[in-house]
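> Just need the whole structure built from these sequences, with the hints factored in.
Taken in sequence, the protein lines are chains V and F. Residue 258 in our numbering sits at position 258 of the first sequence, and the numbers go up by one each step. Residue 236 in our numbering sits at position 236 of the second sequence, and the numbers go up by one each step.
No lab work stands behind these hints: they were computed from the structure. Among these hints, one or two may not hold up.
[Unchecked claim] Partial list, derived from the structure: chain V residues whose beta carbon lies under 7 Å from chain F:
id	residue
1	Tyr3
2	Ala5
3	Arg262
4	Ala265
5	Lys267
Note that beta-carbon positions come from the ideal geometry of N, C-alpha and C, so glycine has one too.
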Amino acid sequence: MFYIALKDLMRSLRSPFTLAFMLILPLLEAGLPYLAFSNLSSGLPVQTTRVLLVNLDRPVEQYPDFLAGNLLADMFRNDELGDLLDTTVGDSEAAARAAVDSRETDVAVIIPSGLTAALFGGEGRTEIEIYHDPALTLGPAVVRDVVTNFLDGFAGSLIAADTAARRAAEDGALLDDNSRLEIMRRYGDWAQGVGESLGQGIHPAVRYEASARVQPSESVMKAQIGPIMLGMLVFFAFFTGAISAQSLLHEAEQGTLARLFRTPASKTAILTGKFATVEILLALQVILLIGIGKALFGIAWGDPILVILNGSALVVAAGGFGIMLIAFMRTTRQAFLVMGGAVILTGMAGGTMTTWFVNPPALFETVNLFTPQGWILRGFSAAMRGGGTIEAAVPAAVGTGLGLIFLWIGVHKLKAKFA
Amino acid sequence: MTSTNAIQVKGLKKNYNGFPAVHNLEFTVREGEIFSLLGPNGAGKSTTISMLSCLLPPSGGDALIAGHSITRASGSVKRTIGVVPQEIALYDDLSAHQNLVFWGRMYGLRGSRLSRRVDEVLDLTGLADRRHDRAGLYSGGMQRRLNIGIALLHEPRIVIFDEPTVGIDPQSRRRILDGVKEINARGVTVLYTTHYMEEAQELSHRIAIMDHGRLIAQGTHNELMRMVGGLHRITLTLSRKPAGLLALWRMLAGVHSVSEEGERVRLLVQDSTRVLPTLFESAAREETHITGMDIQEPDLEAVFLHLTGKALRD
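Structure, rendered in structure tokens:
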């Protein structure tokens with residue numbers, strides 16, 4: 001038995017096909033999405049929007065040294081917006097529009113000559129024009145928000161200055177133009193501070209604190225890689241069970257099984273040796289994938305005892321399933337088609353492909369119960385999310401039980417076949 | 001060769017779904033001889049070998065291999081015999097050395113005896129220089145030699161060859177036949193199955209002829225020849241085959257049997273020289289041309305034809 005298992009292990013571990021299904025494919029299936037999207041933690045990568053600012057604003061007689069257009073221009077040059085907006089200054093409205101039309105810039109902001117006058121309540125109506133590439137949405141929206149914040153802030157500062165002037169007049173004092181401007185500037189600074197905070201999604205009056213006790217996921221994909229890797233581990237373990245059990249049919253077709261049966265070794269010892277190989281390969285696969293998953297992707301598999309329990313259940317269930325299927329097959333060609341189909345169907349029904357669903361449909365949860373994969377996944381998932389011992393151990397026990405039933409059926413069928 | 005029996009087959013039977021594949025087989029193989037089971041495909045040779053090597057349980061009867069019953073002491077039988085299967089049964093992804101070590105272990109060889117036997121078999125099969133190459137990379141002839149070598153690893157007293165020359169080139173066949181003689185010269189008893197009468201004729205001390213699961217004749221080559229009484233075999237190719245002509249030939253004096261084989265007609269005759277003129281004259285009367293002719297001295301083919309009424313290769 002020992003020498004048969006040793007020989008089969010040597011042959012299996014030399015086979016690129018077996019190694020692909022044991023290790024390479026599950027790691028690729030789980031690892032490729034991880035590598036592709038692993039920087040999602042800092043948000044979606046956003047392309048910087050090119051802004052061409054044309055400031056045509058002119059001062060009013062009352063405040064010859066003040067220009068609202070300059071304030072808006074300063075806001076666009078704020079360092080906080082540096083990652084989002086790349087602002088340059090232009091001279092002509094027509095040239096700015098042409099730059100957008102030719103896609104030399106993404107957005108043109110044209111500050112009209114009467115902006116300051118209009119904001120201070122002068123005659124006529126004026127508009128700040130945002131002219132943008134129609135293919136872009138995010139960049140123009142950011143520009144629109146900056147301009148809107150500016151106008152809101154400016155309106156607020158005017159109201160603050162007017163209110164202060166009225167209160168001073170009630171007290172018999174007169175607020176001069178410089179004092180009004182000073183009030184407006186202070187209000188503007190405050191409004192800008194609030195705006196920057198809101199830009200980061202937090203109002204200064206709100207404290208927003210993450211738990212220091214929970215290990216933060218480095219990214220969205222890092223949070224998902226555990227369930228995905230678990231699904232692949234279970235899915236491909238059943239493939240490995242089926243593929244390695246097929247060696248019995250291979251040997252029967254090559255004539256080596258008949259030759260083995262002609263040696264003094266008993267049929268029981270020969271078949272046990274072959275079954276042992278299936279289980280050893282599965283154990284190797286489970287240990288390696290769990291280890292690699294932890295080392296490479298930082299997957300927290302949960303309580304080691306529960307992981308061992310569910311890992312053992314997976315080895316028994318996948319091995320038993322493969323041996324049972326092979327017992328009913330006559331040729332490797334037949335086995336390739338039938339076993340491939342059976343493993344894929346039960347794997348999908350068992351939920352191995354949908355482990356990353358946050359709220360899976362109730363039907364999924366029910367169908368899972370009819371497959372060994374579904375039970376193993378339940379046990380492992382419970383261990384991963386730190387569920388209770390019973391929650392993780394009961395599915396492991398059911399998975400082991402199913403595996404033993406499969407094995408019993410397979411062994412009896414094979415005994416009859418080779419009697 | 002001694003008078004002791006290496007193999008004694010007693011009323012061996014094998015039925016598949018009620019159909020008798022092997023029917024009451026009785027023969028003995030003496031120690032040190034080469035004994036051939038000769039018969040066409042489907043005669044029951046491989047089934048007999050499978051029962052003698054304890055791969056298939058018999059439906060009835062028994063056989064003693066070196067005194068061990070195949071039904072009651074299969075373990076002892078398996079240790080006593082080496083079987084060279086018809087197909088090349090080895091692991092082509094393992095080297096010759098790894099194959100031999102594995103099969104040696106399966107026969108219970110360990111340690112220095114295993115190493116010694118592996119080296120000896122590698123030398124015997126001429127594979128010592130390529131012992132570490134994967135068997136799958138060997139030529140067909142090399143694989144055949146390794147296939148035979150595996151059966152010799154545990155130094156069996158009896159080696160059973162199950163049609164080892166099927167589908168191979170004449171050169172490799174020659175090597176295998178020489179190898180069988182060499183193995184026998186070392187005192188090993190050989191049970192050899194084939195459907196090539198030339199092989200049985202060349203190799204065997206004694207021959208048993210099988211057809212439809214039954215043993216229809218056995219003995220030395222000379223004993224079997226005497227069964228056909230020195231009959232000559234004439235094979236004629238005719239332009240057409242009028243039924244009346246064949247009926248006429250069957251009634252001719254000196255003609256023992258007439259059988260049809262496709263376009264040809266086979267006749268077993270006492271003396272071809274006397275019969276041939278009559279055959280030509282009668283064919284001419286029926287306006288039939290003899291377009292080909294072959295005359296053979298008595299051989300196993302003639303024995304088979306005599307006993308079954310059909311050619312061995314049918």
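> Take the hints in turn and mark each one as holding or not.
These are the hints, each one checked on the structure:
| no. | hint | in the structure |
| --- | --- | --- |
| 1 | Tyr3 | holds, 5 Å |
| 2 | Ala5 | violated, 12 Å |
| 3 | Arg262 | holds, 5 Å |
| 4 | Ala265 | holds, 6 Å |
| 5 | Lys267 | violated, 10 Å |
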